[in-house]
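This is what each chain is made of:
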Amino acid sequence: MTNLLDVEHLKQYFPIRTGFAKTTPLKAVDDISFSIRHGETLGLVGESGCGKTTVGRSVLRLYEPTDGKVYFEGTEITRSNIKSMRRQMQMVFQDPYSSLNPRMTVEDIIGEPLDVHRMYSNSKERREKILNLMELVGLNAEHATRYAHEFSGGQRQRIGIARALAVNPKFIVCDEPVSALDVSIQAQVINMFEELQDKLGVAYLFIAHDLLVVRHISNRIAVMYLGHMVELADSDELMDHPIHPYTESLLSAVPIPDPETARHKQRIVLEGDVPSPLNMPTGCPFRTRCRYATAKCAEEMPDFTDRGNGHFVACHVK
Amino acid sequence: MENNSVPKKRPFSLQLDLSKFEPATEEEKRQQDVMSKSTTFFRDGMRRLLKNPLAVASLIVLLLVIATIVIAPMIVPYGYEEILSVNGRRDKGAKNLTPFEYSTAEKKYIAQGNSRFPHIFGTDEQCRDYFIRVVYGARVSLFVGFFASIIVLIIGMLIGSISGYVGGRVDLIIMRIVDIIYSLPDMLMVILLSVVLKEVLTFKTGSVLASLGTNMISMFIVFGALYWVGMCRLIRGQILSIRENDYVLAAKSIGAGSARIIRKHILPNCLSVIIISTALQIPSAIFTESYLSFIGLGVSAPMPSLGSLANAARQGLQSYPYKLIFPAAAICLIVLSLNLLGDGMRDAFDPKLRR
Ligand SMILES: Nc1ncnc2c1ncn2[C@@H]1O[C@H](COP(=O)(O)OP(=O)(O)O)[C@@H](O)[C@H]1O
Ligand code: SF4
Ligand SMILES: [Mg+2]
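Chains as they are written, first to last, in my numbering: chain S, 97 to 414; chain E, 663 to 1017.
Keep in mind the hints are simulated off the structure, nothing from the lab. One or more of the hints may lead you astray.
Claimed, not checked - Once the Cα atoms are required to be at most 25 Å apart in a straight line, the calculated DMTMM-like pairs of lysine to aspartate or glutamate come out as: (1) Lys860(E) <-> Asp848(E); (2) Lys266(S) <-> Glu172(S); (3) Lys266(S) <-> Glu203(S); (4) Lys107(S) <-> Asp163(S); (5) Lys926(E) <-> Glu203(S); (6) Lys914(E) <-> Glu221(S); (7) Lys926(E) <-> Asp191(S); (8) Lys118(S) <-> Asp841(E); (9) Lys179(S) <-> Asp841(E); (10) Lys926(E) <-> Asp204(S); (11) Lys266(S) <-> Asp908(E); (12) Lys926(E) <-> Glu160(S); (13) Lys860(E) <-> Glu743(E); (14) Lys926(E) <-> Glu221(S); (15) Lys926(E) <-> Asp211(S); (16) Lys914(E) <-> Asp369(S); (17) Lys225(S) <-> Glu203(S); (18) Lys926(E) <-> Asp369(S); (19) Lys107(S) <-> Asp294(S); (20) Lys914(E) <-> Asp204(S); (21) Lys914(E) <-> Glu172(S); (22) Lys914(E) <-> Asp191(S); (23) Lys926(E) <-> Asp163(S).
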């Protein structure tokens, strides 16, 4: 059985004007490889600006990748087959306000994918499908004719999820779908993502900058830093035995419910700022803030290697 | 990654004690669902507009003005270029009458038991009914204002959306042209262009264009050539900012093509701004038209316009001040109420003022 999604050496550079008639590539995503299995959730964490959103969008070809290949169920995604691939892969956006067109009713927003792919034979069938989707995400059927601005953030996000589900996708990129919501609503929405996965068997690339959220929903977790993937492992393994110094510091910042353990925990505070992606450090991208950095780190980029049981790390020292 | 079994998930780590919560009753759930009455964007905007007293007052004034200029020519038995006559004979005494005054010939005519429609605004120095001239002047001014704005809208929308949607070098070149036109002193350009076009343009007599008059046509050309730049910039800016919204990206990720994205997502979202700025363009076009007519470059005689009427009134200003007051008041009334209405529309419909 092949993987659902294989991403190989994905690169996404944005040309940035740095002077008159001069552009410098901004390496938002630089050489990333990973796979996602059928029905799995891969969590993707990292500080804001490290390129998580860009990974999600390049995988879905919302940006034309600079380099690298993406395979969906073994078929390479190209410019020519992207239209049919859009029925398999969808996206839920971070901002529940700007991701819904304020001039469209809920019905038309959820129905748009159906319209684009002509997935119904008459308007009755269209309406039925829309109402089913609304029920699936916990929206009231009476809300079908309302406009998006009449809803709360949580409900808007549900509309966005229903739109993504309309084409029956096998894979959804969830780009920080809860970070704009109240904490109490976050739990509801995350639970809904899980229920939908159980029901429909859809796989997620679940992006978040919050490890707490990601560890709850993910089977595996990937950690990104400055456009590079630095660690990837099963979520238990990553939480209990982080290897990369950056993951270590991220985990040390996660609150621990048990006060006894918390007391013995040491918090690693990173020094300095994230370097600009326009001006990457040589060698390991994390070396300017790493407390284990050696001379080799400045010269050579560490390889992303398997340390056993699918635990991938990119570090020379650890 | 040959191991395809899906690893176990962790239990949810937020510390919530579910036993402390009780399920919501059906009643409570229903209360959650009751939302304010659904309103469409248009109805919602109209409601806001009708709450604004200034906008409502301007709307009423405008409707009255429009009703007057439509109905008055049907009721008043005089033409705008008709020199008054009584019983088929030219009424030489009907010169510079004050409002509601009758000439000697007319008085005699009435005394014979006939009825004569009053000269509501009096008459001018060529024995023409002044009221009907002001009415026609307002007609011409509104017509010019409206069509000039439509011309500006069409040119601006076409070029602006190309500039915004295509982007790149095309955008760069268009924007530099816009900058150049913007930097020209516009009144000077308007005057120069009108003078030149007035000389250059000739039309076959009897054609539609000829009946409009060279001056009117040259005025439209002037508006089209100079004032599209504002609309163009506005629409380009709108498209650029709307394109950045996630819902456009969402439509792309669904597989929607450019045509659908423009039609369903971009245009509906800049429509209100386009309508509002067109509405605000009308009074400014009327103002420019009046100004041009005032300095003698506007519509050609005997067709009156509010500006040329005001200009003609200058000569007898000391004896007949009301001749300036009527057209000037009409300009003020129309321009002011259009502006106030446009402002009210912006407040009511601009999506940026609310969330
Ligand atoms: N369309 C774009 N053009 C230029 N730079 C971009 C674009 N999108 C993202 N970037 C840059 O790429 C980097 C990664 O951004 P993003 O993927 O949004 O990060 P994250 O989602 O992790 O916060 C940032 O430095 C951002 O400024
Ligand atoms: S490679 Fe060196 S700098 Fe990079 S994380 Fe490892 S120890 Fe730190
Ligand atoms: Mg992001």
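Legend entry - In rising order, the numbers of the hints this structure does not comply with: Failing hints, ascending: 9, 16, 18, 19 and 23.
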